[in-house]
Every structure is written in C-alpha cells, then in structure tokens.
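Could you put together the complete structure from these sequences and hints?
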Amino acid sequence: MTHVEKVMIPILKSGDYLITSPQVALHDKLAVQYKDEILERIVESRAKGLVLDVSAIDVVDSFLVRQIGEIASAASIMGAQVVVVGLRPEVAMTLVEMGLSLIGVRTARDLEKGMQILREIRKQ
Amino acid sequence: MWLTELDGSILAVNRAMLDMTGYTLEELRKAGVVGVYADTSGRERLLKALRETGRVRDWEVVLKRKDGTECTALMNADEVEMADRKVIFTAARDVSEIKLAEKALKERDEIIGKLSTPIIELWEGIMLVPLVGILNSARVKQLNESILRHIARGKTEVIVMDISGIAAIDTKTANYILRTIQAVRLMGSDIIITGIRPDVAVTLVTLGVELSGIVTRATLREGLEYAFEKLRLRLTGG
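Read top to bottom, the protein sequences are chains Y and V. Plus 110 on top of the position in the first sequence (first one is 1) and you've got the numbering used here. Plus 111 on top of the position in the second sequence (first one is 1) and you've got the numbering used here.
Check the hints yourself; a few may be wrong.
Chain V regions said to be covered by chain Y (calculated; three or more residues, Cβ under 8 Å) [stated by the list, open to error]:
| no. | stretch |
| --- | --- |
| 1 | 165–177 |
| 2 | 297–311 |
Below, computed lysine-lysine pairings styled on BS3-like, alpha-carbon distance capped at 30 Å [claimed, not checked]:
| no. | chain 1 | residue 1 | chain 2 | residue 2 |
| --- | --- | --- | --- | --- |
| 3 | Y | Lys145 | Y | Lys158 |
| 4 | V | Lys266 | Y | Lys123 |
| 5 | Y | Lys223 | V | Lys252 |
| 6 | Y | Lys158 | V | Lys266 |
| 7 | V | Lys225 | Y | Lys158 |
| 8 | V | Lys214 | V | Lys225 |
| 9 | Y | Lys233 | V | Lys341 |
| 10 | V | Lys266 | Y | Lys233 |
Hints listed in this document are in silico derivations from the structure and should not be mistaken for laboratory results. Backbone N, C-alpha and C define an ideal beta-carbon position, used for all residues, glycine too.
In structure tokens form, the structure reads like this:
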C-alpha cells in the first residue's frame, strides 16, 4: 500500500464538524491529495459536516472546482455535509463565467454562517 | 514640426514646436530632442515603430515641457532621406486638453454610475438595490462589482433588486444580471428580483432568458416580505 503524503493544510475538528482552510495555491496534485486527506479525516473522525473556507484562494480552474465537487459528493455519501464558505467576488465571477457551478455544494458567506447551516441541516 | 537626426540632434524646428515645449532653439540644439520626451523610452519606441514601417501616424506620446509640466501629443513621423542620410521628420499636435476632457468625462460617468446604482441597507442583512433608467453593459458591470464587493465585506444576507424603474433591457444586460445572481448565490447570499414590469417580463420571455431558479416577486413590498421571512423576522402591528 502506498503511503499517502500528508498535505500541510490543517483540518481542524470542532465538535461533530471539521474545519479547513487552504492558505496555499492548490495546484492539481496538491488538490487531489487534499481531497483524499479530507475524505480520510471525515471517516476517521466520523464528522457530520465540513466547512471548507476558500477565502484565501484567489484563482480557480475547472480541475479544482471538480475536486471540490467530488469532496462534497463523496462526503455526503459518507454522511457529512460540505459547506464552502468565503468565495471571493472574483472567484465567484470566474466560476459563473466558466459555467462551473458547485452542484450539490452549499455555500455560505463565512465560517460562522457555514457552521450555522451545518447545525440546521443536522436538526432537520 | 521638427527635423532631427536619428540620434536626436535637431536640424530644424518650427515656432509652434518651440511654443509647445517651452524651449528655445538654442536649448534644443544643445540638448537634442531626447530630453523632450517625458519617458526616455518614448522616443526609442517611436524609432522602433518608424524602422519597422517607415512612417508613424497618430502616435501618442507624453512630452515634458521646459517648466517640467507634461503634455500629451499625437505625433506623425516619417523617415526622410536627405543628402544621402536618413533624417526624421516629426509633426506633433498637443492633445493634452482633449485628454484631460476625456478623463474628466470618464470620471463623471463613473460617479454618475455609482450614484445611480446605490446599495442601501434596509435592515440588518437586507440590502436594497433599486435600478432606475437605462441599463447598459458598463453600468451592469459596475453594479455586479459593487454588489459582490459589498457581500465580501459581510453582513449581506438578502439582496432585493428592484427593477421597476428600468425602461428597457437587452439580452446581454439580462444575461449579465443572471450571472451576477449566480455569483451572489455562490458567495452565500440570497438575491431576489422585484418589480419586473409587464413589458420587461415580455422582453425577458421573448429573449429566452433563463429565469428558472431565480426568486422573483411582483412588487418591492412582496420582496421585502420574502427577505424578512428568510431572516425569520416578523413585522408586528401595534
């Protein structure tokens, strides 16, 4: 079995939820590793939700968007909801211009709102 | 007008040029023409273009007057052969005033644009964007930027965009508004369109603008009710 390289992006646990915020540019290889590690952490920690804060990301491409989509769908199969928070105006506009939508991914303004949404989803 | 060697030394210059730059003939003779350019690469670029095509028309360049002020000039330059050597014949026209007027006009347009697309905080988390007049693509672009920037600053939960004051709308503008709506959603805020007048609605339908998934209400009042509901606020009579 190949050793999964650890990504240097912290994934924090708070109650039943995970919080993570990449502060470096997510190039393709790193994005895939990051996705794998997030999914692994979800299984490990039995988290019920994940907040992905992308406020430090200023450039996105279709590959990264697909990775985020995959994180969300895979997590949801494993019983964890993903909320993407902190999209920058220019990033939001790029996604729209490229015709990429974050299908099946909830978005919220900031971490606080994201956590609130996760809690509401759980209550239902 | 002036006639110079390739290295920039002056062969001849007319009165108008001296007036424009503020130098005397002697000063120009001594210093050459290179110092007249505000940016030393200005003349090099001109020469390069001249070498490639043999002539340059309406070349915009910034010149520096003797008193240190700058002026924008449009230049026409030609390479002329005179007594077996190449010289450059240049004619310049001072367009500083036109440039200033253009800049002032642009600034005024921006101010008008900003004033005509205000973002008003109606309630905590509820922003009203009333649109009045004619929407062109420049205005819609500015609107898009200011809305998204506003959301990025936080606090915006719901945006109520009232378009009852819009005279007409075209496909391009409508599509841009749709993209703005999508971007607003991606950033985690909600947006609702109110006050779509019958003729605008007919235009949107005929243009085939995809409005599905977008919350619309007939009047601003209903839009506000929606926003209050969304924020779980209730108005109580008393």
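Here is what the structure says about each hint:
With a cut-off of 8 Å between beta carbons, the stretch 165–177 of chain V has 0 residues touching chain Y; three or more are needed, and the interface restraint is violated. Figure legend: the stretch 297–311 of chain V, annotated as covered by chain Y; annotation consistent (4 residues with Cβ-Cβ distances under 8 Å, at least 3 required). Between Lys145/Y and Lys158/Y the alpha-carbon distance is near 17 Å, which keeps this suggested pair within the 30 Å criterion. The hinted pair formed by Lys266/V and Lys123/Y meets the criterion: a straight-line CA distance of about 26 Å does not exceed 30 Å.
With a CA separation close to 28 Å, the supplied pair Lys223/Y and Lys252/V stays within the 30 Å bound. Only pairs whose Cα atoms come within 30 Å are accepted, and Lys158/Y paired with Lys266/V is accepted, the gap being roughly 27 Å. This hinted pair does not check out: Lys225/V and Lys158/Y have alpha carbons roughly 44 Å apart, beyond 30 Å. Taking the CA atoms of Lys214/V and Lys225/V, the gap is near 17 Å; set against the 30 Å cutoff, the hint holds.
Between Lys233/Y and Lys341/V the alpha-carbon distance is near 18 Å, which keeps this suggested pair within the 30 Å criterion. At most 30 Å may separate the alpha-carbon atoms for a hinted pair to count; Lys266/V and Lys233/Y meet this at roughly 24 Å.
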